[in-house]
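Participant: This is what each chain is made of:
2 protein chains.
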Amino acid sequence: VPDELEIIADLARRFAPVLPVVTGIGDDGAVLDCQTASRIVVVTDMLLDGVHFDVRTTPVELIGRKSIAVNLSDLAAMACQPTAAFVSIAVPSGQTDRDVNQFIRRLYDGIDEICRQFSCSIAGGDTNSWSGPFAINVCLTGTPMRDEAILRSGGSAGDQLFVTGPLGGSLGNERHLKFTPRLKIAGWLAQNCPPTAMMDVSDGLAIDLKRLADQSGVGALVDESRIPIHADVPSQLPDEKRIAAAVADGEDFELLFAVRPEHVAVLTSASAVDGLLFHHIGELQAAPGCRLERADGHVSELPEVGWKHRF
Amino acid sequence: VPDELEIIADLARRFAPVLPVVTGIGDDGAVLDCQTASRIVVVTDMLLDGVHFDVRTTPVELIGRKSIAVNLSDLAAMACQPTAAFVSIAVPSGQTDRDVNQFIRRLYDGIDEICRQFSCSIAGGDTNSWSGPFAINVCLTGTPMRDEAILRSGGSAGDQLFVTGPLGGSLGNERHLKFTPRLKIAGWLAQNCPPTAMMDVSDGLAIDLKRLADQSGVGALVDESRIPIHADVPSQLPDEKRIAAAVADGEDFELLFAVRPEHVAVLTSASAVDGLLFHHIGELQAAPGCRLERADGHVSELPEVGWKHRF
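Same order as they appear, the protein sequences are chains X and E. Using the numbering used here, the final residue of the first sequence is 311, and nothing's skipped along the way. Using the numbering used here, the final residue of the second sequence is 311, and nothing's skipped along the way.
Please keep in mind that the hints were generated in silico from the structure rather than gathered at the bench. From the three backbone atoms N, C-alpha and C, an ideal C-beta is built for every residue, glycine too. Any given hint could turn out to be false.
[Stated by the list, open to error] Just so you have them, the derived chain X footprint on chain E, three or more residues with Cβ under 8 Å:
#1 18-30
#2 49-57
#3 82-91
[What the hints assert, rightly or not] Selected chain E positions facing chain X (in silico; Cβ < 7 Å):
#4 N128
#5 W130
#6 T268
[As the list claims (entries may be wrong)] So the derived label-pair ranges between C-beta atoms look like this:
#7 Q117(E) with T96(X): 24 to 34 Å
#8 R14(E) with R14(X): 35 to 45 Å
#9 R98(E) with Q95(X): 52 to 62 Å
All chains should be built: construct the whole structure from the sequences, respecting the hints.
Facilitator: As structure tokens, this is what we get:
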């Protein structure tokens, strides 16, 4: 019978501590060396069967991958380098030992692969079984790529708004499972033109831009014609619906950021970084609220649509 | 309709960042100042409806309290001071707004109270709704009370074993919900006679002692007559069953630790600290495995019984 002790012993063997982790899986907690860092950043996201994936149809490796990737995206949004991952799982009981072992092994295959790719050490977690559906919580620690983490709250009126890739249609295919967290591009930005405010687009541009603007104490204007629409949004849809998909679908995990106007030139001339172009979509403005300007010059309120948990 | 944004805005207002947290709830992640610390310790525990509490009968405040307390107990077991808490929740959908709002408010009342008591700042988390039962994951950060965290792995043959309180019967009443995490006593130990190895008794003395001994690369002998049996274990039970309850029930959240033999005197003479006595229950030995010595001198293997998740 697989039990918690055996599973944890397996994980401890598989994931030996890598600096800055000095004590990893198998103790009451993990110990991280932070002598070279002046800031530690902590992000956390819980992924749930039937909400963020469907355990009957989503390959288990991709569930593991996504659980880490969404957190890496949060770290990218703060211009932070990942250090350690903490993975808590609730596995439905009543399966055969073989099925449970295989499920956990495949889950950690997906976790392991993306953690290696982004130099993040798997340092701890919690393993449970219960009568509910599969749930996974990941907590990541990180350190700022430059001196300080980049927050949502640092934007000012006049700052120019960019996104790192086209938006919409992520849930219609496997992009929401397979996206690349924008750590590399965040590193480039931190180095070359530090954003005044940044976040990742997880719940949709409309909701997320409102968050960034609100936290910065300003408003925003988005130029509808400049919103990059992802090829995953069906081209046969009317324009209006394609824009709505780009603005409201969510789970794009691109970075949304604001820079001082003098940085626009370097961004627009910076050709593909990480295979991407920066898309200049609008600006922050003094008047609160988020607005959308159509090609004909008509300005309307950007409706606050997108993914919100309703209870 | 209560939605995620309103709930998070409420939490951000309620829990303003307190140093070392410099950015708390409401950004992509939290930022902690770690300039005065050379080590950061991270612990995490997931609590599930039907496993660690029963949402139909357990007062919601006590679910919130326990979710923090079990993690504080892990920090105590490493002789670490808590700094920040990260709380992820999955709330069953299909309830009325009023019920959801009240549930979340009461949950955070319980979280808030114990966090204040132990000077831990609520710095982030994730709020979800789904069709499954209630689940909560808490991740805490902390810093060593002295120079280094105390691990499970530092014990040597000859070290003497202690527990910080009587064991057994915790689940029969509300002790598993209302226990005091042994942070104060961990601080006293770190100051006065640093344990060579320490952990908290969460899954039962038998299982947990084996973990400590295994990680220290040694074995252990426990004197049956010295195991302190909690008053929550029914006195009318035969002695054998009372011992079994103390050894296997789990969820005691007392500290189990080993000290060098020269520290025994100070511990046995130390009268009540935090209203407790240290119970000297046995010793670490070179021969692997955990053994129990009866009053008549008979030594048998300590059966590895207690709470383990079986899948």
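Participant: Tell me the hint numbers this structure goes against, listed in increasing order.
Facilitator: The structure conflicts with hints 6, 7, 9, although it agrees with all the remaining ones.
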